[in-house]
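Engineer: Residues per chain, in single letters:
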Amino acid sequence: MRTFAFARADSVARAVESQQGDPASAFVAGGTTLLDLVKLDVMRPSRVIDINALPLNTVERLPDDRLRIGALVTNTDLAYHPDVLADHPLLSQAILAGASSQVRNMATTGGNLMQRTRCPYFRDAAAACNKREPGSGCDALHGVNRMHAVLGGSSECVAVHPSDMCVALAAIGATLTLHGPRGEREIEFADFHRLPGTTPYLEHDLDNELIVAVTLAPPLVPLGAAYVKLRDRAAYEFALASAGAMLSLDEELIGEARLALGGVATKPWRCREAEASLAGKRADTAAFEAAADLALADARPLSHNAFKIPLARQAIVRALRDAARRAREDDA
Amino acid sequence: MTAIPEHHVVGRRTPRVDGEDKLTGRADYTVDHRLEDMLYGYPVPASIAHGTLESLTLDAARAMPGVVDILHHGHFPDLHRSPNSLRQGDAVSEVRLPFEDDRIHYHGQYIALVVAETFEQARAAAFRVKARYHRDAGVVTGLAASDDTGEEVGHYMRGEPELAFGIAPVILDETYTIAAESHLQLEPHATLAEWRDADQHLIVHESTQGVFYQRNALARIFDLPPERVEVISHYIGSGFGNKLFMWPHAVATAAAARWLGRPVKTVLPRQQDMMTTGHRPASRQRIRLGAEFDGSLASIQHDSLTETSTVDRYVDACGGATPSAYACDSVATHQRILPVHHGTPCPMRAPGEVSGVFALESAIDELAVALDMDPLALRLKNYAHQDPQRGLPWSSKHLDRCLESAAERFGWASRDPRIGSMGDGDEIIGQGMASATWFAGRQPCAARVTLRADGSVFAACGTQDIGTGTYTIVAQTVAELTGVPVGRVEVRLGETRLPAGPLSGGSMTTASTLPAVAAATRDALAALQEVATGPGGDFDGLYPASLGVEAGALVAEGRRVNFAEILARHRLSGVTGEGSTAPGDERQAYSFRSFGAHFVEVRWDPGISRLRVARVVSSIDVGRAINPVAARNQVEGAIVMGIGMGLLEGLDYDPRDARLINANASDYRIPVHADMPELDVELLDYPDYRFNEFGARGIGEIGLTGVAAAIANAVYHATGKRLRDLPITVETLVSPD
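In order, the protein sequences belong to chains A and B.
Okay, so the first sequence: first residue is 1 according to the UniProt record's numbering, each after it adds one.
Okay, so the second sequence: first residue is 1 according to the UniProt record's numbering, each after it adds one.
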């Protein structure tokens, strides 16, 4: 049997310490990614540190009114949390569009940020994959790449970041609190996931650190939010293209807009140019379509996924339309 | 044949007699079965699809904890192949023996079997086995990538189909393709093998649809008399056809158990299950129809090409239902197969015909559009009132009633046939329909029934319950004839020690098994009547046959005596009856088929290219439903499977090297609950007494045929796109930007 050292951490500091600087160590919370990949021999941790006993499972409202989410808050608890439903409906919608109830009951906020791609070549230890085995090549680039990225890819890797929750976080904006050997630091959510470039095996900005909390940016007011996830089947299915949109409306004019994409990019994909194009415009189809064009201007299809570009365009336009409708309803 | 006049239990909604065992985990599935001192096998799959295994490096794996041995080419006993004869009852799915040579024919083919003390140890060590291959050029990744038209393996013709097509005023000539599909049955394939009596007696627990086929094949392979091989399969977590005939993991496991002198269990991980134990092969079908302006079919030509592997010749006969589908004087079908570098395909629920019905029923819909006719009217116009293939009357055919009843419940009359005309908010409603059909067959079967001293009844038959409810209908049959409550009937199935029963396949189990069970029950009752009318009996001196049977008692002259009392009076532990039945000469006089109609409503949201099946209304004509609960369950499950076939399912082979890349239950998509539409299934109740005394034809497969065509036809109605390639995915629906 492949063996690994196992430790249960009773404090954040001890959890971080338990890694002993071993790059092959892994934290386990819900285990919904790690255990699957260990069984497939794709992840081979030498040490596993169980962090489930850490006191990181609450959602609290900070004095400045922002919501601070503990890294161990489950996806289910987060999606149904009254403060989240009230302030950040997009986050709730996105979480509930992902996985299944069983998986959401186990999966945690920090774990969701850390989930690995569903690229079949990554998950097949016999295939070439620069993410799994640096320098081995990328079988997806010219293989079956229907599910792969049209944004943010490189000649080394075109694997999609699979999270729905992270699309909402990208749109909302968030600050991550990380705890490492040198203590705590904060980074912006947008800077956490890395583009594959020439180092697809480096997926995020952690340096022997543990994610301890995610603090959400203040909501837009008044707010309309919509998460549109397009996929082959109706549930328990990763996105072919998804769009998370938030709008504030002043009469029929857009105040501020937020837009992020999932299922089409190598990391949770914020569309800042598209957002900027919407500010001050009338909330109508023409504006939404123009924003979609901007969001996808850099999209490059692979051999099997050209359809993702028009599909993402549709997801964007629908998400913006529904967000605007909800903003109007909210206002009414 | 005489009909059973009153159906007290047969035909009544009956909860599954094995439901509690399944719910509580007592049900003895092969994957759960354990023996003391048992070892675990874990196969190592080849990572290429075409070439030679040059070497294996086993040191690291051997050094892993718990590893007992690693079997592979060169380190494996010499075995014999099975003759692979359906007629002789030793058919196997893959004839090649595991580790027979160093050739690699498909991705996932076993190159070694690691045997260890625990499952986890075996798996971990299997990951450490390193292989070196020589890849051969010329890998065939699938029929879609090949110009090869394969080899003809069958044809049928009546009339002058070419000529009639040439002069028909309205013609249609289209090609339809279907991706390879996986059975994705819940319980993976599993074998637990144990040798006794100095390696002269092999006992195998296997999740199989045919214990006798596996017994006979193992006897051939290990050169043992069949009575020295036992196969046991009490519960099967479904099979859908891929557990009909034995696969190599069972041979490797049995060989390992003998080699190592300990029982060995191998449970295939999902990935290997999908790579090595069969699939519905991909198909390409060309349909040519010729018709008069009034819709009368003048010619039907149906050419099919299906994949097989390079090691076996599996034929998925797509044209099977075509010759008898419509009243048409000129019909031809051709079947060809093409070897590709995939694992060997095998039957999958309604094999061949479900693919053929998709193509034919799509083409009929296209013809209706070309003729500007209602597709339902076109089908009735060409209704085959007798079997045009054999020139015989149908035993019982109520397809017209299926079509009319389902149409009425669906509301077909209010359908606006104009494309995209039925809008609802962001969505467009599309409505389509298709006919369903599946042959009705029967196999020989034997059964044994014992009336026991405690008043209960024991019924035994060597067929299997693959999850469809066979235990329950056997109990119902015994209960019907004895008047003993269903709960007092103990049924044993799935053992080769029991009287020989048929394969659980082809929707033949009900019609094959129940007559034998009934015969055995009657034989047991006759034995009891003899005892009761004998010297010192309760009915001494009466004619045995004059005694009636009522609620677990014999009755005559106003007296009733319970079975148990009769047995007690004679100090008997029980009386046993045997029954053995086979199809008679009814097939000389009639043709037997089941029929049905599916009406499907899809919802198409063009703004986001989302297509979902919203509603399915079906009427099914299978004769009598013995247990309407289980029967309905079969049809509903089949419809859901049809939605998978229509919109979701397909095995993805890498176009460069034929590696199967979506061999898991997430990336290979079957419908989930959220995909399930509103289902309205009606089982027409026209008993087919010409087929057997129960009037039942079998219901496992019929519900799947036609569903995908009805979906594709509804998609056309919604979108105006005629989609002839399954699955219908968003790529073909999204408007290019």
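Do not rely on the hints blindly, as some may be mistaken.
[Unchecked claim] If we take Cβ atoms under 8 Å as the criterion, some of the chain A residues that face chain B in the derived model are:
| no. | residue |
| --- | --- |
| 1 | Val-12 |
| 2 | Asp-124 |
| 3 | Ala-190 |
| 4 | Arg-194 |
| 5 | Pro-310 |
| 6 | Ala-315 |
[Stated by the list, open to error] Once the Cα atoms are required to be at most 16 Å apart in a straight line, the calculated EDC-like pairs of lysine to aspartate or glutamate come out as:
| no. | chain 1 | residue 1 | chain 2 | residue 2 |
| --- | --- | --- | --- | --- |
| 7 | A | Lys-39 | B | Glu-120 |
| 8 | B | Lys-130 | A | Asp-41 |
| 9 | A | Lys-281 | A | Glu-252 |
| 10 | B | Lys-381 | B | Asp-329 |
| 11 | B | Lys-130 | B | Glu-117 |
Note that these hints are calculated values from the structure, not bench results.
By construction, the Cβ of each residue, glycine as well, lies at the ideal position given by its N, Cα and C atoms.
Engineer: Confirm or reject each hint.
Structural biologist: Now the hints, each set against the structure:
Interface restraint check: Val-12 of chain A against chain B, minimum CB-CB distance 31 Å, threshold 8 Å, status violated. With a least beta-carbon distance of about 7 Å to chain B, the hint placing Asp-124 of chain A at the interface is held under the 8 Å criterion. With 8 Å as the threshold, the beta carbon of Ala-190 of chain A stays out of range of chain B, its nearest partner Cβ sitting at about 27 Å, so the hint is violated. Because the closest C-beta pair between Arg-194 of chain A and chain B is about 25 Å apart, greater than 8 Å, the hint is violated.
This hint holds: Pro-310 of chain A has a C-beta 4 Å from the nearest C-beta of chain B, less than the 8 Å allowed. Taken as an interface hint, Ala-315 of chain A checks out: its beta carbon lies about 6 Å from the nearest beta carbon of chain B, inside 8 Å. Restraint check for Lys-39 of chain A and Glu-120 of chain B: satisfied, since their Cα atoms lie roughly 9 Å apart, inside the 16 Å limit. Our distance criterion of 16 Å between C-alpha atoms is met by Lys-130 of chain B and Asp-41 of chain A, whose separation comes to about 14 Å.
The straight-line distance between the Cα atoms of Lys-281 of chain A and Glu-252 of chain A is roughly 8 Å, inside the 16 Å bound, and the hint therefore holds. Of the supplied pair hints, the one linking Lys-381 of chain B and Asp-329 of chain B holds, its CA atoms being roughly 14 Å apart against a limit of 16 Å. For the proposed pair Lys-130 of chain B and Glu-117 of chain B, the alpha carbon gap of about 21 Å is over 16 Å, so the pair is violated.
Comparing the model with each earlier hint shows violations of hints 1, 3, 4, 11; every other hint is respected.
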